[in-house]
Amino acid sequence: MNRNFFVRSTLAALLLTVGVALAKDQAAKSAGTAKEVVVKSLAIGSPAPMRGVKMKSVDGTEVSLEKAAGKNGTLVVFTCNHCPWAKMWQTRVAAIGNAALESGIGVVAINSNDPADYPEDEYAPMQERAKLLGFKFPYVVDATSSVAKAFGATRTPEAFLFDAKGKLVYHGAVDDNAREEAAVKEKWLNDAVQAVATGKGVTVAETKALGCTIKYRESNKKTS
Amino acid sequence: MCAGLAAALLGCAGAPAERETAEASAEALDASLAADSAAAASGYAPAVVPIAAEQILQKVKDGRGATLVNLWATWCAPCRHEMPALLTVARAHREDGLRLMLVSADFDDQLPAVRRFLASQAVNETTYIKTGDDNAFINGLHRDWSGALPATLVFDASGRLTGFWEGAADENRFEHAVIAAIAETHPPEEPR
Numbered sequence: 005m006n007r008n009f010f011v012r013s014t015l016a017a018l019l020l021t022v023g024v025a026l027a028k029d030q031a032a033k034s035a036g037t038a039k040e041v042v043v044k045s046l047a048i049g050s051p052a053p054m055r056g057v058k059m060k061s062v063d064g065t066e067v068s069l070e071k072a073a074g075k076n077g078t079l080v081v082f083t084c085n086h087c088p089w090a091k092m093w094q095t096r097v098a099a100i101g102n103a104a105l106e107s108g109i110g111v112v113a114i115n116s117n118d119p120a121d122y123p124e125d126e127y128a129p130m131q132e133r134a135k136l137l138g139f140k141f142p143y144v145v146d147a148t149s150s151v152a153k154a155f156g157a158t159r160t161p162e163a164f165l166f167d168a169k170g171k172l173v174y175h176g177a178v179d180d181n182a183r184e185e186a187a188v189k190e191k192w193l194n195d196a197v198q199a200v201a202t203g204k205g206v207t208v209a210e211t212k213a214l215g216c217t218i219k220y221r222e223s224n225k226k227t228s
Numbered sequence: 009m010c011a012g013l014a015a016a017l018l019g020c021a022g023a024p025a026e027r028e029t030a031e032a033s034a035e036a037l038d039a040s041l042a043a044d045s046a047a048a049a050s051g052y053a054p055a056v057v058p059i060a061a062e063q064i065l066q067k068v069k070d071g072r073g074a075t076l077v078n079l080w081a082t083w084c085a086p087c088r089h090e091m092p093a094l095l096t097v098a099r100a101h102r103e104d105g106l107r108l109m110l111v112s113a114d115f116d117d118q119l120p121a122v123r124r125f126l127a128s129q130a131v132n133e134t135t136y137i138k139t140g141d142d143n144a145f146i147n148g149l150h151r152d153w154s155g156a157l158p159a160t161l162v163f164d165a166s167g168r169l170t171g172f173w174e175g176a177a178d179e180n181r182f183e184h185a186v187i188a189a190i191a192e193t194h195p196p197e198e199p200r
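Each protein sequence line maps, in turn, to chains A and B. Residue numbers are given in the numbering used here: position 48 of the first sequence equals residue 52, and the series is strictly consecutive. Residue numbers are given in the numbering used here: position 162 of the second sequence equals residue 170, and the series is strictly consecutive.
No lab work stands behind these hints, which were simulated from the structure alone. Fair warning: this is a prediction, and the values are worked out from it, not measured in the lab. Heads up, the beta-carbon is just placed ideally off N, CA and C, and yes, glycines get one too.
Ranges between beta-carbon positions, derived for each pair:
| # | chain 1 | residue 1 | chain 2 | residue 2 | range |
| --- | --- | --- | --- | --- | --- |
| 1 | A | Q198 | B | D70 | 44 to 54 Å |
| 2 | A | A147 | B | D178 | 18 to 28 Å |
| 3 | B | P92 | A | P88 | 20 to 30 Å |
Construct the complete structure from the given sequences, taking the supplied hints into account.
Rendered as structure tokens:
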């Protein structure tokens, strides 16, 4: 009796060990494990990556971050046409971007989404949106999503602001209320732009907000 | 396959307390499945309870089992797209003690749309809607979460994060992440 119990217990334990090992092995192979999917965004103090990459803007010109940089800094906003959150913030992005240009800060809005997922993010609708919103700055296509990857940008809208020396001084949300501009308490991006324009330090360097996942182009996807 | 094997073995070799938990979970599962069927038939809208990030983390640490937390919104197409796969996996692993926490990131006045969508998916478990400031909620839940939706976090029964990703997933990905969390929850005993 005891021997049978011992044999059964040992067998069960061995099988359990194998089962769990198989499960862990399967999990490790999965793209769902934390190690494979955490996207590290550009650290504060870093220079802009891929500055020389040319991206087609809505006016047909080729724009690089290097070419678009202003004497006082550069603002890069990953945004898109389709995302409801990008839409809620789009007039504020236009206003802040246009004002930044006036302050000697270069501005580029980048759409890194795969338009195969969202036709609204095709080039022609981008042209219409830029016109509608009165963008005075380029709205460009990140044709391989590689610029978004290099920045570690994962959502729309997501802003990266570089100072006159080219160092990242602000990364994050436009403000603390996507839906109600009148109820905004923290104008993070606007404040950061003002600080950079006047050569002052940025008070709040990193913020977060809900947004849509950037749909990387098929050949360059990080997530399914 | 592995899930079935692990679940069967866990049933054989688990400690008495684990067995009781599993039995309780199985009973809850039966009740829940019955309710699910009724919900699907009646179009019943599930409860949607406001929740803060710290409350989510308290729940996942209560030792009741592994937990799959999914942040979604009605306006988020990939969130809606992945929901059937997510629910298939969550329901398949209920008897392994897996708890599902669906947390909507919609605005309060979108609750009718939230309930409609959940009802369309035959969800009858209590679900949640995030409260408070986005920045605090996102950082409070996980420092690596950028705020992009959908986002999924998988915890073992001790509340340790075993899986995290942003963006939509398929059934295979959910399955592997859940199995890993359950495996961590029930480590194998050493042969005596």
